[in-house]
Amino acid sequence: MIYLTRKIEFSASHLYHNPAFSAEENRRVFGKCNNPHGHGHNYVLEVTVAGTPDPNTGMVLDLKELKEILQREIIERMDHRFLNYEVPELAGQIPTCENIAAVIWNLLDPKITKGTLHRVRLYETPDLFVDCYGDSDSSLENAQESVWENEGGAR
Amino acid sequence: MRIHLSRRYSFAASHRLHNPRLSAEQNQRIYGKCNNPYGHGHNYVVEVTVSGRVDPATGMVAHLGKLDEFVAREVLETFDHKNLNEEIATFRERVPTTENLCIEIYNRLRAFPGARLERVRLEETSLNTFEYFGERQGSR
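As given, the protein sequences belong to chains A and B, one line each in that order. Be aware that the first sequence starts at 94, since it is given in the numbering used here, and climbs by one per residue. Be aware that the second sequence starts at -16, since it is given in the numbering used here, and climbs by one per residue.
Note that these hints are calculated values from the structure, not bench results. Please note that the accuracy of each hint is not assured.
[Unchecked claim] If you want the ones that stay clear, here's a sample from chain B, every Cβ over 12 Å from chain A, calculated: (1) H(-13); (2) H25; (3) H64; (4) N111.
[Unchecked claim] Which bits of chain A does chain B cover? Going by a derived footprint, with three or more residues having C-beta under 8 Å, they are: (5) 187 to 197; (6) 219 to 225.
[To be verified] For each label pair, taking beta carbons as the anchor points, the in silico distance ranges come out as: (7) A/S104 with B/R75: 46 to 52 Å; (8) B/E70 with A/E118: 39 to 45 Å; (9) A/H132 with B/N111: 32 to 38 Å.
C-beta atoms are modelled at their ideal positions from N, C-alpha and C, and glycine is treated no differently.
Please model the complete structure; the sequences and the hints are all you need to start from.
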């Protein structure tokens, strides 16, 4: 199995605000991210596709094809946008790195037809990033849970 | 959705790699210049990865402010600008290699109440990196 990663960047603004919270609660939970005018980041996105190289081309998938998918699905949708107001997939959600990564996973997963989407890594800043692995290996997660519990018991 | 959140922090500390149960010559052979009796220092970068469910009310796996406070209290304030051999109790018994430091940091962070600790990745320099996932199997 080969893991192939392509990186792109986009710049966007957002703010964190939950309408179910009071103004005071919003400020307490989200701090300066609750500034009503929003603020922005240069997001860096790393998309990793897993697969076996095609014997005819030596490629898991054509990087040019992946570049076009990322351009169409992510750059055109999110670059230089206000994520709260201009990206319908995020409507009703707080546009945290966690939620944006999950939206990106859901946008890309059906479009990657050669190999399988393995990981979406989204950097909000160089010191803060999120990895999304989708739901694909929930069996692994369950296995981890049981090992975790056993280990906890032994401690 | 399986989501992992990672945050990077840094601290500076000194250490000396020396095992008192070995001879001076053995220490010199194994640890080389890291055995220099006066020690030396690094700018360590620690990358902490936690996982959990994304809270729909906040959109977060873990509250960053709380994670930052916890890491500052448990790790950064303890290790920053310290001599690991002289000032950290566990390294009176164990050689403060970055392997052992990575495990020590993992053990200190394991109690974070807001999410599950998945991994500690510790950069000793930009060229040397160590990762510890705990003793779980298949934790990647």
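Hint by hint, here is what the structure shows:
no., hint, in the structure
1, H(-13), "violated (4 Å)"
2, H25, "holds (18 Å)"
3, H64, "holds (20 Å)"
4, N111, "holds (19 Å)"
5, 187 to 197, "holds (count 8)"
6, 219 to 225, "holds (count 7)"
7, A/S104 with B/R75: 46 to 52 Å, "holds (49 Å)"
8, B/E70 with A/E118: 39 to 45 Å, "holds (41 Å)"
9, A/H132 with B/N111: 32 to 38 Å, "holds (35 Å)"
Figure legend: structure checked against the earlier numbered hints; the only hint not met is number 1.
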